[in-house]
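Asks: Mind docking chain B on chain A? Use the hints.
For the protein sequence lines, the chains are A and B, in the order given. Per our numbering: the first sequence = residues 1 to 421. Per our numbering: the second sequence = residues 1 to 292.
No wet-lab data here; the hints were simulated from the structure. Don't be surprised by glycine CBs; every beta carbon is placed ideally from N, CA and C. Fair warning: there could be bad hints in the mix.
List time: in silico BS3-like cross-link candidates among lysine-lysine, alpha-carbon distance up to 30 Å [claimed, not checked]: (1) Lys227/A to Lys64/B; (2) Lys306/A to Lys277/A; (3) Lys400/A to Lys95/B; (4) Lys183/A to Lys409/A; (5) Lys64/B to Lys416/A; (6) Lys56/A to Lys311/A; (7) Lys311/A to Lys72/A; (8) Lys64/B to Lys183/A; (9) Lys72/A to Lys56/A; (10) Lys232/A to Lys150/A; (11) Lys68/A to Lys311/A; (12) Lys44/A to Lys311/A; (13) Lys408/A to Lys64/B; (14) Lys290/A to Lys400/A; (15) Lys290/A to Lys369/A; (16) Lys361/A to Lys154/A; (17) Lys290/A to Lys72/A; (18) Lys227/A to Lys154/A; (19) Lys416/A to Lys217/A; (20) Lys68/A to Lys64/B; (21) Lys409/A to Lys64/B.
To give an idea of the interface, some chain B residues facing chain A are shown, with a C-beta separation under 7 Å as derived from the structure [stated by the list, open to error]: (22) Ala19; (23) Tyr41; (24) Leu147; (25) Met148.
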Amino acid sequence: MPKRLLVVIMTIAVVLASASVMAAGVRTFTFYHDNPEWQDNWTKIGEVSAQEIGIKMEPVPYDTEVYKTRIKTDLPTSRAPALFKWWFAYRAKELVDAGLVEDLSEVWDAAGDNVAAGLRQALSFGDFAYGAVFLSDYWVWYYSVPLFEKYGLKPPQTWDEFMDQLAFFKSQGISGIGNTIGKSRWTSFIVFQEILYRIDAGFYNDLMAGRAHWTDKTVVRAMEIWKEMLDKGYFAPMDARYVEDFPGMFKRGELAYAPFGDWYSSILMGGGLKPGKDFDICILPAITEKGQGAIITEVSPLIVGKNSPDKDLAKEWIEWWFSSPKAAEARWDLLHPVPWDKLTPKEVVGKSNPEFVTIMKLTENYPNKLIRFWEATPVEIVEHAVDQFEQMLIRPSTYKQILDSMEKKATEVWPKYGVKY
Amino acid sequence: MKPIQRVSPYLFLMPAFLAVLFSELLPASYTIYLGFMSWNYISPPSWTGISNYVRLFLEPQLLKSLVNTLYWIAGTFVFGVALALILAVAVNGIKTGAFFKTVFYLPVTLSPAIAGVFWYVVYSTQPGAVNSLLRIFGLNQYVRAWLMDGSINTYLMIGSWIWQFMGLNLILFLVGLQSIPKEFIEAAQVDGAGPNSTFLHITLPLLRPITMLVIANTMINTVRMFDIPWIMVHGGPARVSETLAITMYRESFLLFNMGFGSAIAVFISAITLLLSWRYLRVLRPEISGLKG
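If we strip away everything but chain A, and leave its shape as in the complex, we get:
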């Protein structure tokens, strides 16, 4: 008995000693994000990296309402997060211009061709790579499968066919498009974006870059199409919420379409809907030839805070995030993003979520990747636009005043960015 007890005590001592040695060898850093729903998954990913490379990423979740403020107040100080999730393009530019983020060019160099082509460019200003990839999404149109099956419909092949479908849904008392302002003002830009680039993708880029004006005839045409759709009552009630209400409306056949990034799949699935059975995705046809082959993309970057004492750890960790098969496996198992690397086996993706295979196939026919409106143009213009577009959704007849107001704002903002407007 004493011998057994001795063995047990010794075993415990050895386990504790090795654990403490291991713990002593593991270096940690913090990662700020605004997706509390993914906190457990991020924690697990941190544990995977701790086991493989001895660097533990410790996630800290924040509510989106306070997230931007927290990041912006901490970044200039030594409390700066080592790693944080952010938005790309103009939303990241102010941080880059203020010299608050690390250049990740070396990390990208080390990643080689593990990451899909074009993403480095999307997360760079000139030679300065300010971010690593977290998510890379395409903007598609979700539709209610039960509804389409009930009426024997298929996703439209032409814009006119789309309009006919919306008119049909209206006649049946069904909401055609789920694009509302409920409690999320940011969503008000979506339909404008979706119409404008389908009229002329090149013009969309020009408007976003300050080379075209908000009062130009292409924008007016987009607004008139939008106005007509609103006047005809093709939209869901404006107080419906896209997280809480749309999934149920889809399932009950009360809502036909909703335009979102492909991240919306996880929200629908979180609402108990099954891909292929309750919802599916399509890409709407262009309105004119100039809109063909274009699709909106959204990239969520992971950024390293320059003033963080742990910034080198975070960079080492990103190298692992980009190159380790175990990182890719954990990423897929836990977060289910549309794969953006060569390490995630496509057959695994197809088995687990056929939606993503559909998205990847569909997007092959859309080589012209455009940046989402939210990030494509200066923040001041976007923030003004989403308020103006809210007004459009409730008072479509004011669209000319809205465009005048946008033009005034753009005239005021662009010179600050060195653009002669």
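Replies: Below, chain B without anything else, positioned relative to chain A:
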């Protein structure tokens, strides 16, 4: 007097003074200072003089927010105070008074955030209690997204506030009513005064101090109105129902114009201080009168 006796009163005052200094005086001073700066959090604050304060008078949205705040003050004054007084008189002294007091006071115990969510659901289209009732009664033509109608949503939200906080005013009025000496009422009745005359000429004047207190309390709380309109519609749609407090929050924490947000905060504080000062002046003789 020993030195320790001389300093001991100050030592006793110190905890309260430090609490006020660090939680109120310093943040308030810093806010006033920020009102003269331009600061987006990521670049150091830079001096802009009085431009943020000048902008207060030039920004059309601020005028809209001020008007909405005045609607809130008027609405809560007329209904939140007057209705509470009428109900207090109605339930005072009746057998089932305790039941009604509990019913009216219960919503006060909820947090405004929960009350906001509750009323959001009532007015929502998904499916929403109001719209469901309209459908039951065959009034489908009136079904709508109530809170998305900028011409009425402020009134609906004021209604939500009254539902929640009228109970508090009612209890205060009941305390006032119960402190009125019965002899005054009885003497009036002996002199032939009817119920209306007794209420107008005896009860109401004697309730004046408590009425002033209720009005002051309601007004000061309403000037800072944020939670219910934020929870229910985020000041929308298209900013039509923003109050001054929501505009301040938006500028400071969503648009990162901390300087302008601070100037709005100072403006709100100035209004609140003005109202408090005015009412304290009015209240002082009333309270002194009661004591005398």
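Asks: Hint by hint, note whether the structure agrees.
Replies: Hints and how they fare:
no.	hint	in the structure
1	Lys227/A to Lys64/B	26 Å, holds
2	Lys306/A to Lys277/A	46 Å, violated
3	Lys400/A to Lys95/B	63 Å, violated
4	Lys183/A to Lys409/A	24 Å, holds
5	Lys64/B to Lys416/A	28 Å, holds
6	Lys56/A to Lys311/A	13 Å, holds
7	Lys311/A to Lys72/A	17 Å, holds
8	Lys64/B to Lys183/A	20 Å, holds
9	Lys72/A to Lys56/A	24 Å, holds
10	Lys232/A to Lys150/A	23 Å, holds
11	Lys68/A to Lys311/A	19 Å, holds
12	Lys44/A to Lys311/A	21 Å, holds
13	Lys408/A to Lys64/B	20 Å, holds
14	Lys290/A to Lys400/A	24 Å, holds
15	Lys290/A to Lys369/A	14 Å, holds
16	Lys361/A to Lys154/A	18 Å, holds
17	Lys290/A to Lys72/A	39 Å, violated
18	Lys227/A to Lys154/A	25 Å, holds
19	Lys416/A to Lys217/A	25 Å, holds
20	Lys68/A to Lys64/B	27 Å, holds
21	Lys409/A to Lys64/B	19 Å, holds
22	Ala19	24 Å, violated
23	Tyr41	4 Å, holds
24	Leu147	6 Å, holds
25	Met148	4 Å, holds
Hint compliance for this structure: hints 2, 3, 17 and 22 are broken, all remaining hints hold.
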